[in-house]
Amino acid sequence: MRIIAVCGEGIGTSAILKVNAERALDRLGLSASVDASDLASVADAAADAQVVLTSTELAADVRAKLGRSFAEIIEIVNYFDVEEIGSKLERSLG
Amino acid sequence: MTTTLPDTAVVLGADVPDWRTAVRESGRALTRAKVTRPEYTERMIGVIEEFGAYVVIAPGLALAHARPGPDVLGEGLSVVTLATPVDFGHPHNDPVRVVIGLAVANAEEHVASVARLANVFNDLGVIDRLAQATDADEVRVLLGVPAGGEA
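Line order of the protein sequences matches chains A and B. Just so it is clear: in the first sequence, position 62 is 62 by this note's numbering, and no numbers are missing. Just so it is clear: in the second sequence, position 146 is 146 by this note's numbering, and no numbers are missing.
Incomplete in silico selection of chain B near chain A, CB under 7 Å:
#1 V47
#2 F51
#3 A53
#4 Y54
#5 I57
#6 A58
#7 L63
#8 H65
#9 R67
#10 P91
#11 H92
#12 A107
#13 V111
#14 V114
#15 A118
No lab work stands behind these hints: they were computed from the structure. All residues carry an ideal CB built from backbone N, CA and C; glycine is no exception.
Kindly generate the complete structure, drawing on both the sequences and the hints.
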């Protein structure tokens, strides 16, 4: 399973999201690879991904870039809240 | 390399009218700490103008940053707390009380330092405590970073 964490620039915020998504997956006992991406290359990055994590602010842009991709877009409010990330991932993957 | 936070990179209780000025404060702090050139500050503002307020990654906390570039002299952080919180335009996490300025020299190597930052903020009370910090030492203790050679 593959998860993409996306932000505008592909550094900083998406890296934080990646780190905390990995923590959330670990707590849930799920295994998946999580990669960070910038908005411009999200369509390629998410081609074989099940889930794209991003912020509410970027969700519409991500949706437009992904087009007909099968990946589900999950909006994260607090990037440091491993419980929020975990419960949203669990709902999506469970 | 360990990220440091010299006194010059910390501004407590800044009185700013809007998010642009808040980000500019965090950029000026990075420049004072010799982490960036002034052009980087304008690029951090450009990121928010282009993509919106997604840099407000938790309630009350903005992570101002831009891509690596020739205006980045090294990897580093700045911390600015605001006397009066300002709105960045985020649907859930406004108003912002703490702006962290982040500069990274290259995209690959920054994940370790960002992971350290994530560790600190996994304690969701840290943003409150940062917002109320009264000196740079307190900020350094909260973030678990040393002052570095120039402090």
